[in-house]
Amino acid sequence: MTLSPGTLNILIVDDEINIRKTLAYCLETEGHSVAAVAGSQEALREAKRRSFDIAFIDLRLEGEDGMDLIPPLLVESPWLKIVVITANATIETAVEAMRRGAADYIEKPFTSAQVRLLIRTLGHIRDLENEITVLKEDRRRFAPEALLQSRNPEMLKIIETLYKAATSEAMILLRGESGTGKSVFARTIHTWSQRAKKPMMIVSCPAVPSELLESELFGHAKGAFTGAVKENPGRIAACEGGTLFLDEIGDMAMPLQAKLLRFIQDKEYERLGETLSRKANVRIITATNVNLEQRVAEGRFREDLFYRINVISVNVLPLRERREDIKTIAQDFCRFFSLANHKNILGFDEGAERALLEYSWPGNVRELRNAIERAVILGNGDRITEADLPESVVPAVAFPGIGDPVPLATIEESHIRKILKKSTSIQEAAAILGIDQATLWRRRKAYGI
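Read in order, the letters of the sequence shown correspond to residues 1 to 449 in the working numbering.
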């Protein structure tokens with residue numbers, strides 16, 4: 001059976017076969033994937049093989065106490081929602097189950113309507129938790145909506161291609177220079193896809209030491225290596241049903257490439273320190289800023305992996321090749337950082353706009369973001385000026401010196417510009433110049449600073 005990304009994976013642990021069959025039938029008719037077992041050992045084996053969203057556990061298993069199964073299941077799947085089944089519900093039982101990590105309980109005999117309501121409630125909670133996970137991932141990587149809009153014809157074609165590809169399950173390879181916003185497009189693909197309600201995880205391959213990247217992706221067992229003091233489920237398990245974005249995959253070590261290829265082909269993997277094969281339903285999106293064909297030729301990247309990830313390949317344009325979008329993207333960054341820093345900056349003056357449009361932006365969107373954030377924080381007026389932008393962005397100007405054949409006003413303007421660049425505030429600049437802030441404001445207005 002082909003499972004949709006919205007399917008819940010549900011585990012049933014009950015020693016009564018009729019309960020298992022009835023409950024499984026009720027859940028499967030709702031479109032969920034169900035595994036039903038009779039005891040604790042079988043339940044733990046299933047939990048090691050695949051990820052579950054919800055587990056129904058009978059408290060009275062043959063020769064066992066279902067309550068004791070709750071902690072080890074949560075070790076395997078910390079996000080698991082556990083529902084205890086009991087024929088003798090008491091306040092004490094419910095409190096103890098909750099204390100051990102259960103999310104809810106249901107009393108025998110129960111109806112199909114009760115089960116469906118419970119599943120929908122817990123499924124909604126899982127969706128909210130997944131959304132929170134995605135928001136936390138995005139909080140430090142915010143990018144404006146303008147990145148997903150363009151007046152550049154080639155960029156519009158790229159966005160259209162990504163929109164069409166997002167609704168499929170095809171592998172997507174995002175190419176482009178560092179800082180072009182490939183991670184933004186990856187998150188957008190996830191948002192546009194049928195997996196949007198499931199988690200998305202981002203792993204930057206060069207940011208994690210090669211010896212730890214395998215553990216980061218696939219997880220590890222306790223004691224698998226020095227420092228592995230507890231189990232780690234890994235990023236693949238954490239984004240079950242969702243999307244895993246592998247940024248700069250060209251820097252992945254060859255041995256790990258082989259393991260990734262196996263997972264892509266079979267959807268199976270093993271944690272470090274274990275021999276048990278696990279399954280996961282995860283879509284993978286990759287990105288690179290290097291020439292993978294060249295790395296294949298050099299023997300530094302597996303050819304079979306390259307063909308696997310290169311089903312739909314998109315080249316994200318550098319910022320210098322979509323200059324018609326610079327002003328819109330900069331304005332969006334300005335709006336965002338003004339709100340974040342409790343300021344009321346409306347935009348850019350003519351000099352700042354000119355500087356933004358004339359600069360080559362070797363660091364692409366990431367460099368633009370940093371420049372605007374700095375300008376918003378250091379700016380004092382309602383418009384960002386050239387003086388607020390980093391020196392690397394504003395072309396160097398040969399300021400006139402004392403005794404040069406220029407008007408006195410030119411010397412004054414040059415001196416004010418230099419002081420403003422070196423000062424952290426208008427108050428400090430005015431103090432250095434020996435004038436009040438109102439006078440400095442009039443001078444800036446007169447000189448267009």
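Hints should not be assumed to be uniformly reliable.
[Said to hold, decoys possible] DSS-like mimics (lysine-lysine), calculated; alpha carbons at most 25 Å apart, straight line:
| no. | residue 1 | residue 2 |
| --- | --- | --- |
| 1 | K197 | K48 |
| 2 | K422 | K343 |
| 3 | K197 | K327 |
| 4 | K259 | K230 |
| 5 | K21 | K279 |
| 6 | K222 | K279 |
| 7 | K197 | K164 |
| 8 | K222 | K267 |
| 9 | K259 | K48 |
| 10 | K267 | K197 |
| 11 | K279 | K230 |
| 12 | K108 | K21 |
| 13 | K259 | K222 |
| 14 | K230 | K343 |
| 15 | K445 | K421 |
| 16 | K327 | K48 |
| 17 | K222 | K197 |
| 18 | K197 | K230 |
| 19 | K327 | K421 |
| 20 | K157 | K48 |
| 21 | K259 | K343 |
| 22 | K259 | K164 |
| 23 | K422 | K445 |
| 24 | K48 | K230 |
| 25 | K279 | K259 |
| 26 | K421 | K157 |
| 27 | K222 | K327 |
| 28 | K279 | K48 |
| 29 | K445 | K418 |
| 30 | K279 | K267 |
[To be verified] Label pairs and their in silico Cβ distance ranges:
| no. | residue 1 | residue 2 | range |
| --- | --- | --- | --- |
| 31 | R300 | S112 | 55 to 61 Å |
| 32 | L339 | E303 | 45 to 51 Å |
| 33 | G347 | L117 | 49 to 55 Å |
| 34 | D127 | T328 | 47 to 53 Å |
| 35 | K108 | G273 | 22 to 28 Å |
| 36 | S168 | A446 | 55 to 61 Å |
Worth flagging that the hints you see were computed from the coordinates, not collected in a lab.
It should be emphasised that the depicted structure is a prediction, and the values quoted were computed from it without experimental measurement.
All C-beta atoms, glycine included, are put in the ideal place defined by N, C-alpha and C.
To see whether the hints hold, each was checked on the structure:
Between K197 and K48 the CA atoms are separated by roughly 24 Å; this keeps the pair inside 25 Å, and the hint holds. For the suggested pair K422 and K343, the alpha carbons sit about 21 Å apart, so the restraint of at most 25 Å is met. Distance restraint check for K197 and K327: the Cα-Cα separation of roughly 33 Å exceeds the 25 Å cut-off, and the hinted pair is therefore not satisfied. Simply put, K259 and K230 have alpha-carbon atoms about 23 Å apart, close enough for the 25 Å limit, and the pair holds.
Between K21 and K279 the CA atoms are separated by roughly 24 Å; this keeps the pair inside 25 Å, and the hint holds. Taking the CA atoms of K222 and K279, the gap is near 20 Å; set against the 25 Å cutoff, the hint holds. Straight-line distance between C-alpha atoms of K197 and K164 comes to about 19 Å, which keeps the hinted pair within the 25 Å bound. Of the pairs offered as hints, the one joining K222 and K267 holds, with about 23 Å between alpha carbons and a cut-off of 25 Å not exceeded.
For the suggested pair K259 and K48, the alpha carbons sit about 18 Å apart, so the restraint of at most 25 Å is met. For the hint pairing K267 with K197, the CA-to-CA distance comes to about 20 Å; that is within 25 Å, so the pair holds. Among the hinted pairs, K279 with K230 is consistent with the structure: their alpha-carbon atoms are about 21 Å apart, no more than 25 Å. Restraint check for K108 and K21: the C-alpha separation of about 15 Å stays at or below 25 Å, so the hint holds.
The hinted pair formed by K259 and K222 meets the criterion: a straight-line CA distance of about 20 Å does not exceed 25 Å. Taken as a hint, the K230 and K343 pair is broken in the structure, with Cα atoms around 45 Å apart against an allowance of 25 Å. For a cut-off of 25 Å, the pair hint linking K445 to K421 stands: about 16 Å separates their Cα positions. Between K327 and K48 the CA atoms are separated by roughly 51 Å; this puts the pair beyond 25 Å, and the hint is violated.
Using a Cα cut-off of 25 Å, the hinted pair K222 and K197 is violated, with the two alpha carbons roughly 31 Å apart. Proposed proximity of K197 and K230 is contradicted: the alpha carbons are some 29 Å apart, above 25 Å. About 23 Å separates the Cα atoms of K327 and K421, which keeps this hinted pair within 25 Å; it holds. Distance restraint check for K157 and K48: the Cα-Cα separation of roughly 43 Å exceeds the 25 Å cut-off, and the hinted pair is therefore not satisfied.
Taking the CA atoms of K259 and K343, the gap is near 49 Å; set against the 25 Å cutoff, the hint is violated. Between K259 and K164 the alpha-carbon distance is near 29 Å, which puts this suggested pair outside the 25 Å criterion. Between K422 and K445 the CA atoms are separated by roughly 19 Å; this keeps the pair inside 25 Å, and the hint holds. The straight-line distance between the Cα atoms of K48 and K230 is roughly 15 Å, inside the 25 Å bound, and the hint therefore holds.
Restraint check for K279 and K259: the C-alpha separation of about 13 Å stays at or below 25 Å, so the hint holds. Annotation: proposed proximity of K421 to K157 is violated, straight-line Cα distance about 41 Å (limit 25 Å). The suggested pairing of K222 with K327 is violated, with an alpha-carbon distance near 51 Å, which exceeds 25 Å. The hinted pair formed by K279 and K48 meets the criterion: a straight-line CA distance of about 9 Å does not exceed 25 Å.
For the hint pairing K445 with K418, the CA-to-CA distance comes to about 16 Å; that is within 25 Å, so the pair holds. With a C-alpha separation of about 6 Å, the suggested pair K279 and K267 falls inside the 25 Å cut-off, and the hint holds. Between R300 and S112 the C-beta distance comes to about 56 Å, which sits within the given range of 55 to 61 Å. For the hinted restraint 45 to 51 Å between L339 and E303, the CB-CB distance of approximately 48 Å keeps it satisfied.
In this structure, G347 and L117 meet the distance hint of 49 to 55 Å, their C-beta atoms being roughly 51 Å apart. Remark: the range hint 47 to 53 Å for D127 to T328 is contradicted by a beta-carbon distance near 33 Å. About 39 Å separates the C-beta atoms of K108 and G273, a value inconsistent with the hinted range of 22 to 28 Å. The supplied range of 55 to 61 Å is met by S168 and A446, whose beta-carbon atoms lie about 59 Å from each other.
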